[in-house]
Each structure stands twice: as C-alpha cells, then as structure tokens.
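Letter by letter, the chains look like this.
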Amino acid sequence: MSSTATTAPAQEALPKVKADRLPWLLVPLLALAALPLTGSFSTWITLTFAGLAMGMIIFIMASGLTLVFGLMDVLNFGHGVFITLGAFLAVSVLGRMAGWTESERLALNLAAVLPTLLVAMAITGAVGMVFERVLIRPVYGEPLKQIMITMGGMIVGQELIKVIWGPQAIPLPLPAALRGSLLMGEAAVEKYRLIAVVVGLAVFGLMSWVLSQTKVGLLIRAGVQDREMVESLGYRVRRLFVGVFVAGSALAGLGGVMWGLYQQTVTPEIGGVMNVALFTVIIIGGLGSVSGCFVGALLVGLVGNYAGFLAPKVALFSDILLMVAILSWRPRGLYSLVKS
Amino acid sequence: MTPGWLLSGDLPRSRVLAALLVLIAAGLFLAPFVFPGAKAINVAAKICIFIVLVASFDLLLGYTGIVSFAHTMFFGIGAYGAAIALNLMGPTWKAVAAGLGAALAVSLALSLVIGLFSLRVKAIFYAMITLAVATAFQTLASQLSDFTGGEDGLSFKVPQVLSPSFSLRDTPFLGVDLNGKLICYYLLAAAMVVLFLIMLRIVNSPFGRVLQAIRENPFRAEALGYRTVVYRTASNVLSAGFATLAGVMLALWLRYNGPDTSLSFEIMMYLLLMVVIGGMGTMYGAVVGTTLFLMAENYLQDLLKLASGAASGVPFLRDVVHPDRWLLWLGLLFILSVYRFPAGIVGKLRAGRGAP
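These protein sequence lines map, in sequence, to chains A and R.
Using the numbering used here, the first residue of the first sequence is number 1019, and each one after it goes up by one.
Using the numbering used here, the first residue of the second sequence is number 311, and each one after it goes up by one.
Calculated from the structure, these hints are not laboratory results.
Model, not experiment: these values are computed from the prediction.
Any given hint might turn out to be false.
Stated by the list, open to error - Using 16 Å as the maximum straight-line C-alpha spacing, the simulated EDC-like pairs for lysine to aspartate or glutamate come out as follows:
1. Lys432(R) with Asp1091(A)
2. Lys615(R) with Asp634(R)
3. Lys432(R) with Glu1160(A)
4. Lys1180(A) with Asp634(R)
5. Lys1180(A) with Asp629(R)
6. Lys1331(A) with Asp634(R)
7. Lys356(R) with Glu607(R)
8. Lys1331(A) with Glu461(R)
9. Lys1163(A) with Asp1091(A)
Take these sequences, add in the hints, and give me the full structure.
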C-alpha cells in the first residue's frame, strides 16, 4: 500500500506550466487604442516606431538590472554609470573613426559602429566586474548598505567620468548613412530607430535563447526562483551572479551607446537620469523577469511617445501613471518571479 | 537643569567629540563676528539649516533603518510653502505662519499616506517608490509655474525685521552691522538648537528605543508586540515634519526658492553622504557630518586649487585634484565610511574611548 503511494506521483507527467501571454497582448492593444487618437495613420506609424525604438533601448539598459536583482536581491543604484560610460566610450571610439562615420556608404558606417558596440560592451563589462568585486561583494545580504554603496559607486563613477572626459556635454553625431528618415508611404520613420528596434529584438532573442535553451540559462532562472535550492544542489550561484552582473553591465554599456546616438549628445548625467525610468520598467515587468522587462520597456516607450504627442504635460508623468495602472492590475508586476 | 537633562541623557561620550561639538556650536554662534564676509555667514546659515534636515533624515535612516529618497520632497514642500505664502500674502509674519502651517499639513498627510501604503514592503522597494514619487513631485513643482514660479523659482520679501535693509542701530557693533540678515541668522541658529534638542529627545524616548529595535530586527520587534508599520509610519511622519521646518528655514534665509535649491536629487545624495559620514543612528553625527560636508563643499575647492596648481604638470593627477572634483573625494570617503566605520565619525570617536 505504502509503496504504491510513494511511486504514484513519479508516474504522473510533470504538470505543464501554463504560459501567461496576457501581458504581451498589452503592447498591440495599446498601439491600436492610440490609433484613433493620433488622427492620421502616418503620424501613428511614426509615433509607434519612435516608441518601440525607445522601448528597445530602455529594455537593453534595464535587462541586466532586473536579472541582477532577481538572482541576488541586489538592486544596483549605480547602474546608470555603466550607461554613461558606454555613451562616452562611443564618443571616444567613433570620434577616432571620423573617416568611416562621415562616409555615405552604409557598410563603412556599420564597420565603425559595430566595433564601437563591442569595445563599449567589453570595457563596461570589465568595469562591472571590478564594481561587483570591490563594492557589492562585501555587502551581500545587507540591503541598506547595498543601496548606499551602489549610490556611492555612482557618485564616484560619475566624477571619474568627468575627470576623464570633462564635465561638458559632447556631441555624438550619427554616422552619415544612418541619419534621416525612410518614407513608408506618408509616414516618416527615422533610420536609426529601425536599427534600434532590430538591435533590441536581437538582444531580446539572444537573451531568451540563453535563458530558455542553455544550462547556464536554466541555472539563472532556477537561481532567480530559489537561490538556496540551487546552491544546495552544488552550483555556485555567486560565480553565476558575477557573470550575470558583468553581462548586465555590458548590456548597460550597449544601451548607453545606443542611447547616446539616439540623443546625439552625451552628458555625464545621461545615465543617472535614466535610473528612475529603469526602475519603473523593472517594477512594471516584475522584478527578475526578462520578458516582463521587455514588455514593460515597450509599454513605457509607447506610452511616453503617444502621451508626448497627445498631451505633453501628461507625458512627464506617464511612466508613473503607467506603473500605477499596471500595479493595480497585477500588484507584483506583469510577471512576478521573486517572492517579496 | 543639568546638561544631561537638556541632552536627554544622550551625552557625547567621547572627549574629542564633545570638544568638536562645542567648537562647532561656538563657531556657529560667533560666526558673524569672528568670520567676516558674506560667504562665511552663508555657509554658517546653511550649516544650521542642514543640521536640522540631516538630523531628521537620520531619524529615518539611522534610527529606523528606512531608506527614503523622498526626503528632499518634504524639504521642498516647506520651502515652497513659505515661498508661496510670502509671495501671495506679502512679507508678514502671518504669511510665514500660514506657509508653515500649510506646508506641515501637506507634508504630514503625504508622508502618512506614503508610509501606510508602502512601508510594508522591503527596503529596496520603498527606496524605489520614494524615488519615483520624489521625481514626480519635482516635475510637478516645475510644471505648476503659475503657483511655484516653475524652473525660475520664486523670489520674495521676508518680514521687515529679517530683511537686510532693517537695521537695529546705525553704528556697527564689534565691526558688524546689526541688520535684519543678522537677526535672521540668529533666528535660524536658535531654531536649529531647539529642533535638534527635540529630535534628540525623541530618539532617546521609549518611542525612539522601539524604532531602534525595529531597525535591528523588525521581526522580533513585531513579535514583542509592537506594530512595526505604525512605528515606521510615525517615524516617517516625524522626519517629514522636521524636514519641512528645515525647508521653511531655507526659504527665510535665501528669500528665494526654486526646484534646484530644495528639490533636486543632488541634495538628496548630499544628505545621504552627510548622514553616513557623520554617523548613522547618532544625532551628533548629523552635526559633525553636515559641518564637515558643507565646509568641504565650500572650502575643499580652495584646498584642491592649491593641490591642482602643484600637480599641474601631471596629466591625470591634475584632473583628479581639480577643484570641481571635490565630490569625488567625498564620495570615496562615503564608500569608505559604509565599509570601514559604519557608525561614521561619531561612532569612531566613541569607540576610541572604549565601548560605552
């Protein structure tokens, strides 16, 4: 009798996790809802593309933040520094390749931009490793100190950036072939925004693939769900965490390059002012969730652009209003993974 | 009336610290006479205002263990309350009282709502929520330009007695003009002393003990029968109230208020630095930290100018000791404080004397 009772559960198939696709629907629903409000179809296309591009860049910047939090309960208030660093590295690297960026040929332009992205990611990743080792590691498990130490890291990092590049704003022109717009019928879509959407999708695709198909991804997801359990199975979550932190910093650097090119000017505050938007996005998405972060970022980008067109005053508060709306629907964000 | 009673039994417990406090107090009270010039008295007034502000933040961060990024919001509400009232009603004491009352009411209500709704969540979420609320408030203040003067801020007149044109006597006393500015300074200094002593009283009361118990172990405090949410909210409301008063003091001194002077995130970071460098969970830390930080802000640059001149030949070093990079050095001191001496300068001084 007892033997059947113990073996019975093993024979049952594992319960299928029901995929929760509802939040994904929000993005097209929001876009459709905005269509009658914007008046003309071409304006709508332009706004939607601008919103998606901004959302993609925000996603690139925020994705590392949410994973780092999910895995180790570390909220990095200094994340903005990596964005700033990425943007300034873009200034330095692209500035050296003026011959290629000023050329009208797309191939040469891309040949200049691609190494810039790689260099920025490599350097911000390396700095992230130092940041984790020197600042964050000594204060694991002490949230109060973590908040303060990462804040201090941001102050010092920002000042060091001013030491190296100076405190003034530096122009960062787009490569020649990426300037201007494409005409899609009546609607004008800036070329750079298209590129931002493509890069964003690529990053999201790659991240989803790593998280869902590889062993490292499995461990990361398991670690986010229950760190102690993964540790007790013999995996070194801390080592994994360092990897995630470095990847997150590198992504912030990539986001910084993209954001700097989007703004076409780089200031030492460029990353710090993004902090609030990034926190909003990861709260909307549900802390620790990459797909939530992606949907959240797209929503923030779209709502920001629609509101900016329809009611500029409201746009200043659109992030917060969106957050309140989402949290009153799902109090823990779109996808909640972390136990509060 | 022994000093023990006045200080609520919380003595400095370190000779060096006591000497330092006496030095700061003497310096502040004699500042207009000992250090001539407009810059010195401005720094001294700012120290008085920020001691109240930093002590009120310490009540929240150091004693209750809550990280809030909305503290400057309450500071700003105080400053805007006084500014708007004085702007609308003219330079009368009635206007100051009305502004103070209205600002306090807004601050207390807002802090109560924020506290009740969000103090149940983990520290990190609270930090994020307050950051978002404070950012929204700052945007709101700069957008309601009919009311707040927008980005330009508001300039206004203060009651006659406090304005620089008012004079007590025609001849200078000890080489200092006895004008309204001086009266205003001493009003701020007196307010600072009174408010500081009240806060010292609060943290050393049974109520203050409960706050510290919650900081050390909220779960256990709850188990002992204290409703932690109620106590945390009370701490939040109290510190918001004192921050509002500091804001009114700032408005009276500057006769101007704008988003950058009282609401900016920069001030919030400075507050954090002052509390931590001085010593969290000690009211005296607020005094020491504030004085050190504001002296550094105003005078470290002069020192760095010398160093920078000396290092002008060395490329990197020259930039690191550039006068505008004073914050870099304080940021490093801040990080060092969090690691090496979490109880700050005051904790270090007290520990040097042996455990109390």
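Pairwise hint evaluation, Asp1091(A) against Lys1163(A), where the allowed Cα distance is 16 Å at most: 13 Å, holds
Quickly compare the C-alpha distance for Lys432(R) and Glu1160(A) to 16 Å and report which way the hint goes. Holds, at about 12 Å.
Pairwise hint evaluation, Asp634(R) against Lys615(R), where the allowed Cα distance is 16 Å at most: With Cα atoms ~9 Å apart, Lys615(R) and Asp634(R) stay inside 16 Å; holds.
Hinted pair, alpha-carbon criterion (16 Å max): Lys1180(A), Asp634(R). Please report holds or violated. 9 Å, holds
Does Asp1091(A) sit within 16 Å of Lys432(R), going by the straight-line distance between their CA atoms? 11 Å, holds
Straight-line Cα separation of Lys356(R) and Glu607(R) no greater than 16 Å? Judged against 16 Å, a Cα distance of about 11 Å means the pair holds.
Proposed proximity, Asp629(R) with Lys1180(A) (alpha carbon, max 16 Å): Roughly 9 Å separates the two Cα atoms, so the pair holds.
With a cut-off of 16 Å on the C-alpha distance, tell me whether Lys1331(A) and Glu461(R) pass. Given pair Lys1331(A), Glu461(R) holds - Cα atoms ~15 Å apart, limit 16 Å.
Given hint Asp634(R) paired with Lys1331(A) - CA-CA distance at most 16 Å: 35 Å, violated
Hint violations for this structure: number 6 only, all remaining hints satisfied.
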